[in-house]
Amino acid sequence: MKKFITVIHYITLAALGFFVFLVCFSEKVVLPAWWQVVGRTHVMWLHFPIVLLLLVILIDWLPDTAIRSLPIWQLLRSLVLLATLLTATTGMLLQLEHSVSGQTLFYHQWLGVALVSITALYFFSYTYLSDRLQLRRAVGGVIVLLVIITAHKGATLTHGDDFLLGPIQKIASPAVDLQQAQAWHDVIYPVLKTKCGECHMGSVQKGNLSMNDSATLWRGGKEGKTLVAGNSTASQLLQRLLLPLADKKHMPEAEKPQPTAKEIALIKAWIDAGAPFSQRIVERNSNDTFRQLAMQHLELKIKQSPVVYAFSAADPDAILRLHDNYRIIKPLGKDIPALSVSFFGSNGFSSERLKELKPLEQQITALHLAKMPIQSADLEWISGLPHLQRLNLNYTPVDDAAIQRLAQLTSLQSLSLTGTRVTAKGISGLLQKSKLQQLFIWDIDLAPSDITQLRKQFPHVDLETGFRGGDSIRLPLNEPLIAAQEGIFTDQLTVPIKHVINGAELYYTLDGSIPDSSSLRYTKPLTINSSGTLRVKAYKQGWLPSQVVSRSFLQAGFRIMKTEWQLPADEKYRENAATVLQDFDVGDPTDFSTKWLGFQKNDAQVVFDLGKEIELKSIAVNSLTHTAAHIFPPVFVKVWGSIDGKNWRQLQTFTPAKASSTTTPGANLLKIAFTPVKVRLVKLQAHPLPALPAWHTSKGLPGWFFVSEVVIN
Amino acid sequence: MQKELLDYSLQFNRRKFLSRLSIGLGSAALGSLLIPDLFRDQTVEEALSAGLPHFAPKAKRVIYLFQNGAPSQLETFDHKPLLRKMMGQDLPASIRNGQRLTGMTANQTSFPLVGSYYDFKQYGQSGAWVSELFPHIAQITDDICFVRSMHTEAINHDPALTFFQSGAQQGNRPSMGSWVSYGLGTENSNLPAFCVLLSRGKGNGQGVYSKLWTNGFLDSVHQGVQFSSGENPILYLQDPAGLDRLSRRKMLDQIAALNEMELNRFGDPETAAKISQYEMAYRMQTAVPEIMDTSKEPEDIIRMYGPDCLVPGTFAANCLLARKLSENGVRFVQLYHQGWDQHGNLPSEMRGQAMDVDRPSAALITDLKQRGLLDETLVIWGGEFGRTNYCQGKMTADNYGRDHHPRCFTIWMAGGGVRPGMVYGETDELGYNIVKDPVHVHDFQATVLHLLGLDHEKLTYKFQGRRYRLTDLYGNIVKDIIT
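If you're matching them up, the sequences are chains H and Z in order. Heads up: the first sequence at position 644 corresponds to 644 in the working numbering, and the numbers run straight through without jumps. To convert a position in the second sequence, counted from 1, into the working numbering, add 1000.
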């Protein structure tokens, strides 16, 4: 053990000699390449003396002498100076590469030398110091202090000036005035600072390049000139930025944050403009590229910088206490003191609920009172809100006199008065006294001349008068709605007609003629007591008339007592097959499911028993046409009649009109008439279209036949 | 005391026990500093900051006019005159460059280019090109920002739509509206934060379904509430016939008293949630009919949106309703208009579809603007992908179709902090690939969240051991389109 310590001692002495030599002759030394490799191990060795020095010095501050006299400390003490020397020596070698310069390096280097010296003294005179604890502690304290400062300077060299305290430093970016902004100070410097500053600003100068100011930037670095005024392509500053990321010479280093394309364009334009420093941007020609890019850059920066409020946040307890379902109080965002207050539900509103906001008066910047029954006195209170910026009074009962109070709101920028009783006079009065930027005055009794006058008088205010002149838009009215459920009835039927637009006048006919404004006027629900077609058309002043809507109503003469299906409906569409044909519900033509029966594979064949002998005159079959859904009129409908159910007589073969590609989807009433004949039973057979016509996208596939109702007269 | 013990045992489950144990006793003190709510109840400050934007927002609300089925960009807002000149010529394979095709055109032997049936003109200060299908939108181009360089990953409706809405093609993730509800909460607690309105045009349609407005793994209060066009816009909200408000109030008070007892006995937070949800439904019973009532709308408004705005279930009516909901503090109003899937009959079907949406879409922007609401309301208009520059099926002088195309399409946005009068991005002369400023669906989502004051990387929810976000692992904010 002792021998080992002695060997260490001698090596340490030799290392000390070499170190002193390096310090004294550093100016004259020229390093071979492999020494550079040794020098670069500095960043590894430096951790040893930090740990060892702190350890062996701090045990002196321990009260327990038993621990202090452990033999391990002797070993560590012998190693610590060697480690310190190794670090300092490699550090000197690294410094000799001259790739870094600046004040920080200076301090780091010479503090390092001082640290080695005092550490050497301390350990060589340890025998002398061994029974002078207080002195040892004092010297130890100095060493610890030196270690901390030197190490911090070294870290600054590697990581940049703001590395350690960066996370807790508040970066206050001063407000930029576009008129005063200077090329370097306000535009280029902040960009270079964020992207290059870590290695080339403050006290750090990697590659001997400092971007601190115009002098150092023009001087350039180890690799030569950085800037060539007016020639960006020849300037290394731009060249390095544009090299491929993988290139070793690309800057900033690949793993560091890279400048954006816009920032590069800005730097390029700056160099091409001759790299001005103290020139104000506005002094440059207005079509100058650099000026334009710099202005864009500054405007974006101003816009993106967070708003600073002149007041502190309100008490969170007060906010939560005053916040409820009809009075919403919220900060604009996290850590923002400004509050937005919205009232909802006019029934629960009262002046008291507004005044209760007193504790928050400093913080309210937006107030939303649309549709609330506010009084003049409320505006009095509102006008005392010192920081109110946005106020919404849409559809409130405020008038000219009341809004004059708002002139006291010096911070108010945006005011909405849509749908209120104010007039041009009141608006003009308010605008003369206030600094409003935006005013919303739609749905207010203003003549076009008032608007022109206001715009002329207050050109700096953004007056939003909204959509006017709806009278000039001539649109057709919607179709009226014939609101009857059934289309078939036995005795009589009440038919209401509706229109969605208030005041639309409805004219109708029942005689088959086309209605116009001289036809019967609809005033109350119609009572229909015979078969016929109702046609309705809507009219209104200022609108074009609607399309004619028509609906057929059918009176059923005879009740069907029994329905017997000989060929059933398709299993997909045969719900309620026993009753659906006689429920007097013609069915919704857009919903095929429950009120309709569908046939495709086989004909529809059905026998109706009327219970007694009648005189048959006609049959009406309510079918569906919907070509897109493959639903077509049948090819033919055959009708037989019988009195006893055994002897059948064919009465008629009816061929409906064919559907074409332009046929609109909807119900299609097939009316089959006869020369009157006595029957008790009626048999019907309808044949679905076997193949869709050639114009159809699915030509050749079988068609469907849909039926919802059969009426026998 | 007994209640506190119960609280403790109910809320201290095995997972919590294990996860806390693993922190280790020694580091627990430090850990509690880094995980603020680990060992204590919510403080006043935290209750206040829940549902606040991460930073000051540009937009407070969103109205999303989703054009379901994917309207062709080539007949609407992306003007490509070269396609007319090259009508009928085959799309060069070098342009298609391996783009996968849907099953509908994969077997086509040729891909004949087809130009727009409709003419284009430039409008406004921005000089944006708009086709003759949209005469009203053309009048407001200076209020809107066209993004012509959208692109997506999916080539079929369901995955593309799901991707747009939830950030993933597979479904079951929360919809954008749910994320916004989760991030910002409700502005008016008498209405849902996320409402859904459906309408259908006459064109070839594609389905929409409730998975598009699902809350996914988020709490069910963030689910989209679908308004239907019938008598009861929100199902189960109306009192049964014969029940008056007072009886309802009494009944709720009695139930609340019972629930309160239950809460004191077992301390289950779900019971507390139930009480507050009954109360919200009660408040909605007054708030919703007020909003649905269009009888007080001035006639100018009806002319502006078109008379169909009074016919429930139409796009025009939904636009008007969207304005009313938004005006009353609904965070996210999601419209879907179906019928934009023009594989064939494109010229005639698109005319009908455009008739449905042109006037109301433009009216909505104007209406929000005149009420001072446009600068805090973001309006989005667009489909789930684009359509091919070549014809699907038979091509005649006045009839052709276009297949799905994910590589480029156009959407537009207005208000809410989006730069007005701007055309962003560019496609090549054949309208097949993007040549400038591409915007991926995740970029779009990140930008929308940013406008609402939400950082898309911070708006996360931990579910099954992983933190999820709307933009998954992607998304860059499109800063250039923000004011």
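A hint or two may mislead.
[Stated by the list, open to error] List of simulated lysine-lysine pairs, DSS-like, C-alpha gap at most 27 angstroms:
id, chain 1, residue 1, chain 2, residue 2
1, H, K268, Z, K1436
2, H, K195, Z, K1436
3, H, K301, Z, K1058
4, H, K498, Z, K1436
5, H, K572, H, K562
6, Z, K1296, H, K303
7, H, K699, Z, K1058
8, H, K193, H, K225
9, H, K334, Z, K1394
Don't read these hints as lab results, they were simulated from the structure.
Against the structure, the hints come out as follows:
1. H:K268 to Z:K1436: Distance of about 21 angstroms is within 27 angstroms: holds.
2. H:K195 to Z:K1436: 26 angstroms, holds
3. H:K301 to Z:K1058: Given pair H:K301, Z:K1058 holds - Cα atoms ~16 angstroms apart, limit 27 angstroms.
4. H:K498 to Z:K1436: Measuring from Cα to Cα gives roughly 53 angstroms; hence the hint is violated.
5. H:K572 to H:K562: 23 angstroms, holds
6. Z:K1296 to H:K303: At roughly 40 angstroms apart (the allowed maximum being 27 angstroms), H:K303 and Z:K1296 break the hint.
7. H:K699 to Z:K1058: 55 angstroms, violated
8. H:K193 to H:K225: Between H:K193 and H:K225 the Cα gap is close to 19 angstroms, so the pair holds against 27 angstroms.
9. H:K334 to Z:K1394: 58 angstroms, violated
When the structure is compared with the earlier hints, violations turn up for hints 4, 6, 7, 9 and for no others.
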